[in-house]
Amino acid sequence: MTTLHLDNVSRWFGNVVAVNDISMSVGPGVTGLLGPNGAGKSTLINMMGGFLAPSTGTVTLDGTAVWRNEAVYRHIGIVPEREAMYDFLTGREFVRANAELHGLGDTEAQRALATVEMEYAQDRKISTYSKGMRQRVKMASALVHEPSVLLLDEPFNGMDPRQRMQLMDLLRTMGDEGRTVLFSSHILEEVEQLAAHIEVVVAGRHAASGDFRKIRRLMTDRPHRYLVRSSDDRALAAALIADPSTTGIEVDLKEGALRIQAVDFGRFTELLPRVARAHGIRLLTVSPSDESLESVFSYLVAA
Amino acid sequence: MSYAIYHPTVARLTYRGLLGRRRAAILFALPALLLVLCVAVRMLTGADDDTARTVLGGFAVATMVPLIGVIAGTGAIGPEIDDGSVVYLLSKPVPRPTVIVTKLLVAIGVSVTFSALPTLMAGFLLNGNSQNLAVAYALAAAVASVAYSAVFLLLGTVTRHAVIAGLVYALVWESLLGGLISGARTLSVKEWALAVAERTAADGAVSAQVGLPLAVTLLVVVPAAATWYAARRLRALTVAGEE
Chain A
1 MTTLHLDNVS RWFGNVVAVN DISMSVGPGV TGLLGPNGAG KSTLINMMGG FLAPSTGTVT
61 LDGTAVWRNE AVYRHIGIVP EREAMYDFLT GREFVRANAE LHGLGDTEAQ RALATVEMEY
121 AQDRKISTYS KGMRQRVKMA SALVHEPSVL LLDEPFNGMD PRQRMQLMDL LRTMGDEGRT
181 VLFSSHILEE VEQLAAHIEV VVAGRHAASG DFRKIRRLMT DRPHRYLVRS SDDRALAAAL
241 IADPSTTGIE VDLKEGALRI QAVDFGRFTE LLPRVARAHG IRLLTVSPSD ESLESVFSYL
301 VAA
Chain B
1 MSYAIYHPTV ARLTYRGLLG RRRAAILFAL PALLLVLCVA VRMLTGADDD TARTVLGGFA
61 VATMVPLIGV IAGTGAIGPE IDDGSVVYLL SKPVPRPTVI VTKLLVAIGV SVTFSALPTL
121 MAGFLLNGNS QNLAVAYALA AAVASVAYSA VFLLLGTVTR HAVIAGLVYA LVWESLLGGL
181 ISGARTLSVK EWALAVAERT AADGAVSAQV GLPLAVTLLV VVPAAATWYA ARRLRALTVA
241 GEE
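Quick note, the sequences are listed as chains A and B, same order. UniProt numbering puts the first residue of the first sequence at 1, with every later residue one more than the last. UniProt numbering puts the first residue of the second sequence at 1, with every later residue one more than the last.
These are computed hints drawn from the structure, not numbers from a lab. Everything numeric in this text was worked out from a predicted model, so none of it was measured. Please note that a few of the clues may not be correct.
If you want the footprint, here are the derived chain B segments under chain A, 3+ residues with CB under 8 Å [what the hints assert, rightly or not]:
hint, stretch
1, 11 to 20
2, 92 to 100
3, 105 to 119
Some, not all, of what chain B presents toward chain A, calculated at C-beta under 10 Å [unchecked claim]:
hint, residue
4, I5
5, H7
6, L89
7, A202
8, R235
9, T238
Now the in silico label distances, taken between C-beta atoms and shown as ranges [stated by the list, open to error]:
hint, chain 1, residue 1, chain 2, residue 2, range
10, A, T56, B, P213, 45 to 53 Å
11, A, G105, B, N132, 43 to 51 Å
12, B, A225, A, S130, 39 to 47 Å
13, B, L167, A, G105, 36 to 44 Å
14, A, Y120, B, T217, 44 to 52 Å
15, A, G38, B, T217, 48 to 56 Å
16, A, F13, B, L167, 44 to 52 Å
17, B, L167, A, G210, 51 to 59 Å
For glycine and all other residues, C-beta sits at the position ideal for the given N, C-alpha and C.
This is chain B alone, in the form it adopts within the complex (with noise of 0.2 Å):
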């Protein structure tokens, strides 16, 4: 069966709930602190290559990318079925992957508007793109979002934790674990991104732990199937009554 990829009515209730609710307050503080962090820098370092490495390898591709894709990944749909107001959506016959799809659309688009646009104004805030480091930082923030948005709109859907399991998923096992583990980081949205990076930035400016074929692959196919599986369980999603 076909189906249309976009609702324009789902894509509304998602973006407006999204930024209407009072979490969205990070996907602005985020990004502001970043940009601020860059004009700090570049006013008292000057424009430097490795301060611009550190401060979007460090920072703003570890860090803010992957919470603002937990914000926006379980932000447009964990919060409706929690309440129970996604039953308004559901008793619709409007097809579970046009739902799925279109929610994903709408978190990747917050995701890079709130995490890859940030990175590549902060890329020439910080050494005016020398090195082609901003729009390589900002090109990983970009997959990395597609990615993160799938994968935590797959955790909206299947548990009421998702924020909680996003947040270890991003900060424990990427930063924490990737660190130690040498495994970890194959399986590390962050590192399949700083491949796209390795290959955009010039030669040696930016390293990854995992080879460009691999990282496109996974890139491409953990989204898929994780919406996929998404649309699958919100076909079957049981809402819970009062009882």
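Okay, chain A solo, but in the shape it has when bound (with noise of 0.2 Å):
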């Protein structure tokens, strides 16, 4: 039991379409369900989870419906977002009720609870727990059955630098083991160090998927635009449309400033301090005007 497949599915809450009729695989390995927030990705891994109907298309696992099937979860381990978590009860507590719910016992809770290095705050009460600390033991809870496939909803919100790269180490294990491991992200960084392959969801829909590179390309390639200040606009403008680099150029006498389009982001950002100097023009301002994650990923649906 390895592959989930989404076929074809959408999923709207009243007259809001969260999920707008996507199909993907999501095989053995890590793969990263990137997209801004709000895109409908915990929409998506709660119908790959089976705590969400699918308004049209369906979710399997390796043929198997997900959704009304309390079987599926021999195989599929969770890591929710949301933080509660039977607070009353100490971490042991609680990763070994969750392991008794799967018929397992305490050597299992206690090897998960070893795996996520949560041993040494094991007895305490969960409502004493920091954000990592919750993460780590949802995490065992999610690992008692050894499940062969792992889905997470923003698994690296709220640690610390070392607790993340920790939880990335084990992922990759688990990637490496054969098990498919799925984890959202809305930060592009955690996805590219961690995913080889990934899935990009905008407003709803599958924008992209396949190789991290390949789409990591895709998005630094794509035209840049900038807002730049110089003490001479119009020399500079002159000197930069003369490069392939440079698609278009617009002075804009409201702003005093020029809005440069670049297409080669590597060449241009070498480009434009070079032709400043030369000419003797003195850089005030160069701002990227729309380097935001969102207006990365516009480009990526449209592309």
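Take each chain as given, in its own frame, and dock them per the hints.
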């Protein structure tokens, strides 16, 4: 049991479409589900985990429907985004309860706690845990039965860099063992460090799918827009437009600035200061005007 | 398919959740209030069957039992669904009927402990079980506990406003409308339970508005149907994310 299939899955809440006709397969290895906040990542993960029915389409795990089928949880482990988790229990009691619900016992619970390095705090009440500690105990609860599929919703939220690295190592190991690991994130760098394969979701739509490097290149090679102010805007504009890395320049009189569109990101960033120095022009402002993640994603959708 | 009706881990999580939350204070306060009231009444007026009837019927069965039923029934599942921690319970290969029936058993256990048992003690304190009133009202409290637990557990499964809905049913429907409209009495857990008390106590000591056969039928059918439907709903429970 290792491959999740989504076939033409849509989900709407009232008249709001959260997920719009998405088809994808998630197989062994680590897959990153990338998208800005509110893109529908949690909705997708909830459907993959059997906690939300698709409005149309099907979600199956190796051919078996996930919705209304508690038997799939023998193979699936879930790390939800929400914080609430029986705070009146200690970490050990919580993980032990999760093991028992799988028909397992203390041995498995202890092993899971050791995997996430939480043994040192296992006898403290969960209500006293930091966000990162909660995240690790959640992780332990999802690992007790050694699932072949692990779904994690924003697992790195609230973790410090050390914990983040440790969890990344753990997920990488699980992926290498042939398990299907899917995690969602709205942070590009997180996904870049961990997942070779990514699925990008923007505004409920499946924007891109595949090898991270390919998608990253799409992202960096897209037209970049800059707002530049200098001691001599027109001279700078004339010098820049001669280079193929620049495709358009507008002299914005009201702003007293240049609006520049560049296609070759690497070349342009190297060109701009060189040209300025050669012409004795002082650069006063250089600011990218569309660097938000949302604009990166919307470019991907159009691509 | 056959299911285990009891899962010890589900039960442990449920009763620790029930007794560990702040609203559990009411579980202790109400019976304590009843017992203090009984001691005071007994000291002031001596043993009196009419007084016992008023206290046991008017406060214990009419008010305390449904309130504790609301807390135990909705509290056995509602808070977990509200805060999302139910995900940990449901992302397990445990049949949903097992989860619901276990939670029902815990709710019944808590209700009986905190309402039927104190009612029995109150009866003995008030008139030493004269006319078998203590036993009759305690039995009524026990059967009502079962019905309330099942109905309020269902409410806790299907709505986030289960406590309000439960209180409206217990206080407005049963107490207020039940006193004004005779039809409301037929659909009242309290009246079904009183029918059981009527049969148990000495002749004419307790009066109920519903016949015993109908009462017993409803006391069996309503909790069974509520539990069946709650399990069905739990199977298709939607856990909304942060988005």
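Here is how each hint holds up against the structure:
no.: 1; hint: 11 to 20; verdict: holds (count 5)
no.: 2; hint: 92 to 100; verdict: holds (count 5)
no.: 3; hint: 105 to 119; verdict: violated (count 0)
no.: 4; hint: I5; verdict: violated (16 Å)
no.: 5; hint: H7; verdict: holds (8 Å)
no.: 6; hint: L89; verdict: holds (7 Å)
no.: 7; hint: A202; verdict: violated (46 Å)
no.: 8; hint: R235; verdict: holds (5 Å)
no.: 9; hint: T238; verdict: holds (5 Å)
no.: 10; hint: T56/A - P213/B: 45 to 53 Å; verdict: holds (49 Å)
no.: 11; hint: G105/A - N132/B: 43 to 51 Å; verdict: holds (49 Å)
no.: 12; hint: A225/B - S130/A: 39 to 47 Å; verdict: holds (46 Å)
no.: 13; hint: L167/B - G105/A: 36 to 44 Å; verdict: holds (41 Å)
no.: 14; hint: Y120/A - T217/B: 44 to 52 Å; verdict: violated (58 Å)
no.: 15; hint: G38/A - T217/B: 48 to 56 Å; verdict: holds (52 Å)
no.: 16; hint: F13/A - L167/B: 44 to 52 Å; verdict: violated (29 Å)
no.: 17; hint: L167/B - G210/A: 51 to 59 Å; verdict: holds (55 Å)
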